[in-house]
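We have chain A; now place chain B onto it with these hints.
These protein sequences, in sequence, are chains A and B. Residue numbering for the first sequence follows the numbering used here, starting at 5 and increasing by one per position. Residue numbering for the second sequence follows the numbering used here, starting at 5 and increasing by one per position.
Incorrect hints may appear among the rest.
Copies of the same chain look alike in the list, so a pair counts if it fits in one copy or across any two.
[What the hints assert, rightly or not] Computed list of lysine-lysine pairs in BS3-like fashion (alpha-carbon distance at most 27 Å, straight line):
1. K609 <-> K94
2. K94 <-> K280
3. K362 <-> K325
4. K313 <-> K214
5. K94 <-> K614
6. K571 <-> K648
Hints in this document: simulated from the structure, not taken from any laboratory.
Protein chains: 2
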Amino acid sequence: MRLSVWWFLLAFMLSVSSVAQQSQLNLMPLPTQVALGSGQLVIDPSFTLGISRHSDPRVERSLEIFLENLRRQTGIPALDLKLVDSAQAKLIVHADHANKPVQEVGEDESYSLQVTSANAQLNAATPLGVMRGLQTFLQLVQIAPQGFAVSAVTIHDQPRFPWRGLMIDVSRHFFPLDILKRNIDGMAALKLNVFHWHLSDNQGFRVESKEFPKLQEMGSDSFYYSQDQVRELIAYAAERGIRVVPEFDMPGHSTAWFAGYPDLASGPGPYQIERKWGVFDPAMDPTEERTYKFLDKFIGEMAALFPDKYFHIGGDEVNGKQWDANPKIQAFMRAHGLKNNQDLQAYFNERVLKIVSKHGKIMVGWDEILRPDLPKDIVVQSWRGQDSLAEIAKQGYRGLLSYGYYLDLMWPASRHYEIEPMSGAAANLSPDEAQRIMGGEACMWSEYASPENLDSRIWPRMAAIAERFWSAQNVTDVNSMYQRLAAASRWLDWLGLTHNSSYEPMLRRIAGSDAIGQLRILADLVEPVKDYTREETAQVEPTSLVPLNRLVDAVRPESSQAREFGKMVDAAIATDSNASVREQVRAKLIQWRDNEINLEPLEKKSFLLKEIIPLSQTLTHVCAAGLQAQDYINRGERAPAEWKTTTSAMLQDAQKPQAQLLLMIVPSVQKLVDAASAQTGR
Amino acid sequence: MRLSVWWFLLAFMLSVSSVAQQSQLNLMPLPTQVALGSGQLVIDPSFTLGISRHSDPRVERSLEIFLENLRRQTGIPALDLKLVDSAQAKLIVHADHANKPVQEVGEDESYSLQVTSANAQLNAATPLGVMRGLQTFLQLVQIAPQGFAVSAVTIHDQPRFPWRGLMIDVSRHFFPLDILKRNIDGMAALKLNVFHWHLSDNQGFRVESKEFPKLQEMGSDSFYYSQDQVRELIAYAAERGIRVVPEFDMPGHSTAWFAGYPDLASGPGPYQIERKWGVFDPAMDPTEERTYKFLDKFIGEMAALFPDKYFHIGGDEVNGKQWDANPKIQAFMRAHGLKNNQDLQAYFNERVLKIVSKHGKIMVGWDEILRPDLPKDIVVQSWRGQDSLAEIAKQGYRGLLSYGYYLDLMWPASRHYEIEPMSGAAANLSPDEAQRIMGGEACMWSEYASPENLDSRIWPRMAAIAERFWSAQNVTDVNSMYQRLAAASRWLDWLGLTHNSSYEPMLRRIAGSDAIGQLRILADLVEPVKDYTREETAQVEPTSLVPLNRLVDAVRPESSQAREFGKMVDAAIATDSNASVREQVRAKLIQWRDNEINLEPLEKKSFLLKEIIPLSQTLTHVCAAGLQAQDYINRGERAPAEWKTTTSAMLQDAQKPQAQLLLMIVPSVQKLVDAASAQTGR
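Chain A extracted, bound-state conformation (with noise of 0.2 Å):
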């Protein structure tokens, strides 16, 4: 499907309709195909809607959620909800057949939409095809002189990937399920199409077992969803063609199942939830028959609770500690001729997919589940890289990314957009095995990340990564994709997210006070530290108890106004650079030095700001340098060999963190400081 027709007529297009002129209508994933017309088609209260062919249920709902959206953009509160003839019809929407009636892997999402200043015409093969048109709809509508209105545009368009999910774990810290309807919502918007709900670790089990309550009652401090409300998610997503994959994380990562069964540990109890985080000895014990007796009973309950064909054991990460130190277990592997841990984990993977398999659905698991002779359907999802995943698809499996796509590590969207999965190995794969590539999933695992900032730590760097999944491989202008992102953070406000939202009210907490100015001019040019040093850097051990409420928790993981400051700084030092840039950077510099000043009543006041002050003041005398640096180049003077040497010592320290936050304009002003000491000199 990802090889057809569209693809050669990719290179046609690419003539007639230029990336810049697509990135105009800021769409986002970029379409396959955009051709743009004349003229525009008006969003009034008038506007009615029209099905060409009646044929699936699921048609006239998508239709009435994207009414709802409609009229959140707009604010145009009666658009007409009822259906009129097509002939008459402002959005004419038409799809072949019906999907099946659950959702599965790789079915047609492919549409084609056409605007006119008459009307527009939406053609899918399915209702999928027809909900991921209408999302490209709702993003074309824009304020214009007369009104609401969408430009005159040509659009083909199918995924590359048939695989396009976000994981959240759920487990290290609980979210309410309205708060992942509005993540639903959002992932529909950016044309994903899987929800993997990782729904147990040390830390909780976050499901509702009727079949051994404990689960639930011990294992989850009270905070669990109610199998009418997993029912409730699973419908509320389908309607939004999005699939839900529970995950069950087994036979490591399950302290939270032995609060209330210790029986199933390899290890004596009792057993407590798990405060804080890492990678913890409690397993599952593979050797004793009550641990499968248990599991066939759970998973089949929780097969028949998630409809989707495809269940989620995860697998990984099992130090093996209590295997080692339980004599029975080692016994055991002497007995059944395992040599090692691995192979003890591979043959509880191999009964616990013979219960999977026995409960009709289809097993994935990280890539540490892989295995020679396991049965070819099954999933591997991989946290290795792209090697990895061309080893799994070369041995027959199919395959999926997470690796590059951790949102938890707080990298800037430019970083997670050039993750491409057919790189490295897998662009040697022969088509065959490319074949068994099947997407890819971002993960949102959950240390850091609480009801108040799990949107922010997603949305809208998720949609960069949802892009790389939707669009061709060859969509890779970093300015572009930026550019659509911001248009994209503002359609998710209107689904509610809270990304931009949560963002003052979590400063005004930190100074206790409205009065946050200084604070947010501080706060919009750091970031939070990268992959694993935060845990690595705390100075309270982290736990699930730690509030998350300090400064690295509100800002944001990616500082635009450092993006921006960064190409202002190109500008200035450019050869061709004017006086106009010039003096921007200088205007910003000089605001940012004198902002410790205005910061420190806050300070005196607020336990929350304390740890802000030596940033405030690192901030300060970072400005102070680049200040100097623009002197000299004003002058033409070259800055002397001493002075770039201190001020090039006290930069790096700069970019050490301080409260666990990273001052992201300090290596724009390494490069004046470089320029200035480059000049020629007088």
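Below, chain B without anything else, positioned relative to chain A:
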């Protein structure tokens, strides 16, 4: 109850703890009695709760709700849900006895709260008092150098009036359940206790009737609450100590009923849901027995659905035209000696009253229902004012004041705040008569409220009215009120109310851009036109189909920037003014004057900005005049009379609405002009 011992204590307390001290705590509504201690109680993850004598499951539930609020407010995730022994708890709550199974008017809501650096003790007669006290505790939590903390304090508190309500009209615009829930949260935070649910009107019938399903099927455009949702909201409100009183407006304001049941009307059908605003002719036929049969069945159904003892039948604004035009009705009136339409409506009311009573409820209605000979247990809600209220009480009925509390009229909080129920004729009532004034209700009629801006039309101004209903009559300091209102606005953010967060997205929609800096400067200085001017000055006939996405819909009902500027100008023209405040005024005027130029590029892009261009120009002219006035003042030169005349004329024009918006700084600039013209001169 209102005249209890606390009143006498109050006089003593004012010497101990000044209003200024109380204000520093930012409590709202202001408690009856506050005495500051020394030290503070730290709130951290080790915070624990205890119940000193276990009485009522509602106490435990209210602690759960309290903890959720505390978690949101502080960001501390795992505040212990488990109750500990009172001796160890940081907050010990105690309720003497249970409340009634269904909350009744006048149940004891008093509480006392004593906070020391060791712990806090909350004592109340009932769980209702516990709920009120927990809200006070939440308001006391502040950020401090040591962490979150509550200052040591002793509070005794109880409400002045037993009926403190907010009415929301869900007929003219419909609001989904989650929006009502967060408004219930806001009400609870401000110690309000009645949600008056205006469920039917000409523009929509909003509740599911199983007896008469065409009511919602044909009268709601599918926007109605299912009976399950109604029960859900009632339970939600009950847990927060809030009664839910339903209103079904009759015999007028009932066109939406007639869409499904035209036989109820006094004129020939068919009928459609009304889309316009105003008073309309259709009214129920009081002369047909089938009307009462219908109402008996319907009210019976609703009386079972809504457990509250009170049942509101509206009864307002019948214009009588259908009655006048119907010969059968005229004949009935003659036959029964009914002299006019008021008599006919009284006949209707008496019949309805019998039905309401038969189903075990007490009838509530607007002023118009008041007629001698009705039983004395009915309640009259007065939109007419304190004199009408006094008349109600004198005739032996119980009354509620809503005059002066219409939030949709866009008054400033201060104007609502000064509306005193016991003023005018009501000030001269005997103690017995005064007892019959049960309190009041703010009303949010929804002609110009959408799901997007409802919260900002209600909050934070509602908090000023809530204080009027709860706090002592002599709590009238407007400056203190505004200071605490700003704090209340922040707490309400934590409850998910969107009065603050919806502002910028709406401006971004209007601008079609993220670059809303200049638009926001203008938007911060304007307010929607007041009273019914919006209807009177509409260019397009306002209906339920007209989008509410203009600047008038986005801006706050009250401009705090203009209020602050007014204070600044007063200080600047005072005889003892200093140069610094004059500089501040000048800086503001320059910034605002120069705002027009920057707005222009946006204005060319968006149809929603077009109507604002003249307003933006006016801002420039007004500020230029203010700067001229300052120049005269700074030079100590008397402004020429001619300049004053032309400038004042310009300012008078500038006070007129543009785009249905008022530029709120004009009166302050007029003060500058007057000051410049009043100088002794050189």
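Do the hints match the structure? See the list:
1. Within a single copy, K609 and K94 get their C-alpha atoms only as close as 58 Å, which misses the 27 Å cut-off; across copies the closest is 24 Å, which meets it.
2. With identical chains, the CA atoms of K94 and K280 are at most 27 Å apart between copies only, with a shortest distance of 25 Å across copies and 56 Å within one.
3. Taking the closest pair of Cα atoms, K362 and K325 never come within 27 Å of each other, the shortest separation being 31 Å inside a single copy and 74 Å across copies.
4. In the homo-oligomer, the alpha carbons of K313 and K214 lie at most 27 Å apart inside one protomer (21 Å), although the nearest pairing across protomers, at 40 Å, exceeds that limit.
5. For the identical chains of this complex, K94 and K614 are inter-copy neighbours only, at 26 Å across copies versus 58 Å inside a copy, given an alpha-carbon limit of 27 Å.
6. Taking the closest pair of Cα atoms, K571 and K648 come within 27 Å of each other only inside a single copy of the chain (22 Å); across copies the shortest separation is 51 Å, beyond that limit.
Of the numbered hints stated above, the single one contradicted by the structure is hint 3.
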